[in-house]
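Going down the list, the protein sequences come from chains P and F. In terms of full-length UniProt numbering, the first sequence has 135 at position 135, counting the first letter as 1, and numbering is strictly consecutive. In terms of full-length UniProt numbering, the second sequence has 74 at position 74, counting the first letter as 1, and numbering is strictly consecutive.
One or more hints might be untrue.
[Said to hold, decoys possible] Listed below are the simulated DSS-like cross-link pairs for lysine-lysine, each with C-alpha atoms no more than 25 Å apart in a straight line:
| # | chain 1 | residue 1 | chain 2 | residue 2 |
| --- | --- | --- | --- | --- |
| 1 | P | Lys412 | F | Lys39 |
| 2 | F | Lys122 | P | Lys412 |
| 3 | P | Lys70 | P | Lys170 |
| 4 | P | Lys398 | P | Lys223 |
| 5 | P | Lys127 | P | Lys148 |
| 6 | P | Lys127 | P | Lys149 |
Simulated from the structure, these hints should not be mistaken for laboratory data. Keep in mind the model is a prediction, meaning the values are calculated, not measured.
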Amino acid sequence: MNNYQEMWRTLGLNMEAHDQLLQVLPPTYHDVYLTQANRPQGMEYFDFVVNEIHGLRIQELQEHKKAGGKVIGAFCVFVPEEIVRAAGGICIGLCSGVEIGTAETEKVLPRNICPLIKSFMGFKLGKVCPYFESCDIVVGETTCDGKKKAFEILNDYIPVHVMETPHMKKNRDRRLWLEEVRDFARVVEKATGHTITADNLAKAVQEVNNKRRALQRLAELRKQDPAPISGKDSLLIEQIAMYDDVARFTAKVNALCDELEEKIKAGQGVFPRKTPRVIVTGTPMAIPNWKVPHIIESSGAVIVAEELCTGLRYFENEVAEDGQTKDGLLENLAARYLGINCAVFTPNTGRMDRLLQLVEDYHADGVIHCALSFCDPYAVEANRVEKTLKQHNIPLLKIETGYDQEDSGQLKTRVEAFIEMLG
Amino acid sequence: MYAGIDIGSRTIGFVVVSGGQVTYSSIADTGFEPLNTAKNLLTGKYNRIVATGYGRHAARSAFAHRVVTEIKAHAMGAVHIFPSARTILDIGGQDTKVILLNEHGAVIDFQMNDRCSAGTGKFLEVMAAALGYPGIEDFNAAALAGDNGIKISNMCTVFAESEAVSLLHRGIPREDIARALHASVVERTAGMLRRIGFNPPLVFTGGVANNGCIITLLEEKLGTEVLIPPDPQLVGALGAALAAQNDSAVG
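Based on the sequences and whatever the hints tell you, model everything.
Here you go:
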């Protein structure tokens with residue numbers, strides 16, 4: 001690993017706390033990822049990206065900034081990356097999946113709040129995230145009350161632009177959202193000093209669509225039995241999708257898919273044929289939150305799909321590429337993003353229909369609903385999911401958990417019992 | 001000779017079966033070295049050993065051939081004793097579980113308490129000590145003799161302990177507080193059973209099934225008979241032993 005100390009210092013990181021964070025990651029990564037059997041060769045690239053998570057990628061962002069480019073951070077799959085790219089900026093996902101800076105955070109946030117919100121605030125207040133420290137602005141959204149209010153506080157430490165995501169999908173909500181997307185385009189133009197045109201926007205739409213298509217291709221291959229890739233590896237790729245270079249990432253995912261297609265032809269997989277197949281749904285699992293997937297896949301099941309924001313919700317529908325004008329493309333963008341089945345919407349029947357479809361398409365034996373503690377939208381919507389799946393006799397396990405490891409034993413018992421029930 | 005061992009937080013149960021019949025059983029306090037306690041319970045030669053309970057994976061690395069979860073083990077054990085069972089309530093040292101079975105005795109759904117010990121055996125032990133009863137049996141007997149009338153509102157073990165102590169200071173008779181503490185466990189347990197939509201016959205397993213006061217209050221609350229196996233603490237180990245026997249029948 002290169003020596004990035006100087007870069008981190010220049011970014012103003014708290015070096016001591018940052019060292020501690022980096023010391024936690026490698027052993028966890030080794031245990032969770034590198035001990036998996038029959039891993040595809042193509043995972044080497046993604047291992048490399050994680051290994052360089054605070055190194056090479058940050059260096060790239062710094063070089064981009066030195067050349068006059070801007071870096072915009074986002075917390076949610078509702079923020080249109082295409083707009084940032086069209087204006088020559090780099091968009092990176094910032095959500096955090098590890099408990100950090102708790103004492104600092106509890107000075108500004110209540111103790112009992114969703115761990116994801118607590119974590120991003122902790123990363124900022126603790127000055128341990130070089131991505132955060134590389135951002136010129138960050139973009140929030142109103143997808144839940146906790147985030148909405150936390151962004152007001154975060155704005156004390158870094159400029160935050162908040163997009164109002166509607167909570168229904170009526171025509172007037174579509175109009176509101178389109179206005180928000182147009183506003184965002186203006187904000188980005190001002191921040192970057194670049195005008196968004198029909199041409200650069202069309203190009204950005206195509207590039208991000210290509211990333212989505214690569215991820216869709218990977219998702220499609222996971223319908224096979226034996227599964228050609230583990231759910232943990234797939235989740236990792238989906239997590240990396242949010243911050244890696246778009247073109248390079250797309251090429252690497254496609255190369256991995258080429259390899260997986262060969263394996264499928266040869267009848268090879270990472271788990272034996274007939275391994276119980278599970279779909280995970282619920283709150284996003286920000287990197288490095290791999291707790292529940294690790295428990296599931298070390299208890300004798302394989303995860304075949306993630307109905308999560310760090311999963312299908314991020315890439316399952318594309319932006320129509322047929323817009324001739326800037327405004328036409330912005331309309332296409334707004335329409336694509338409003339198609340996301342986030343639990344913030346009421347009603348959110350799209351998510352129920354999608355889950356049923358996924359269970360059928362992926363030949364899943366059961367569904368595990370995983371909500372972060374204090375995540376009201378998903379924890380409450382679990383009831384709708386349960387009702388829908390019960391009507392179709394699909395086994396469901398509901399879990400609510402945070403980023404701590406205290407409940408691992410308990411979770412393992414519940415997950416194992418669920419898998420025994422499927423078998 | 002097939003052995004099942006249930007390594008729980010409070011006790012370790014050991015059962016040996018042969019031809020579907022229990023030929024030997026024993027039980028020991030878990031202590032501070034669970035694996036050693038477990039190994040000391042193994043007294044003979046067994047064709048196969050299956051482990052369950054929180055220590056099951058440690059046992060798997062040390063001596064057991066396979067693991068099953070407590071949920072599956074209790075289901076197998078309870079159905080062996082009461083073939084018509086449709087719901088199992090297991091209250092152990094740190095966990096409460098409700099398990100629903102279909103007409104063939106297979107698990108179709110289950111619920112577990114969250115990570116805290118509210119309403120479990122540990123809760124009752126802490127309360128017995130807080131009220132100064134020498135043993136859990138004295139505490140149960142006192143609760144049976146106590147009057148209804150007061151209510152414990154905290155389910156958190158530590159908060160409920162403070163609440164019990166402050167009631168003592170207010171001069172409330174000890175038996176009545178004991179009664180209220182038992183009632184609060186039953187309240188919580190009945191809530192869990194109703195949430196999952198339980199069907200009779202209901203079998204009650206785990207150490208707390210030895211508690212006569214809990215059984216009485218639970219039957220009153222639910223309006224249904226509760227079936228208690230002869231050794232409720234050994235049902236998990238019995239299920240594990242039966243799983244070991246089934247393994248060899250298959251392969």
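Hint check against the structure, violated hint numbers in rising order = 3
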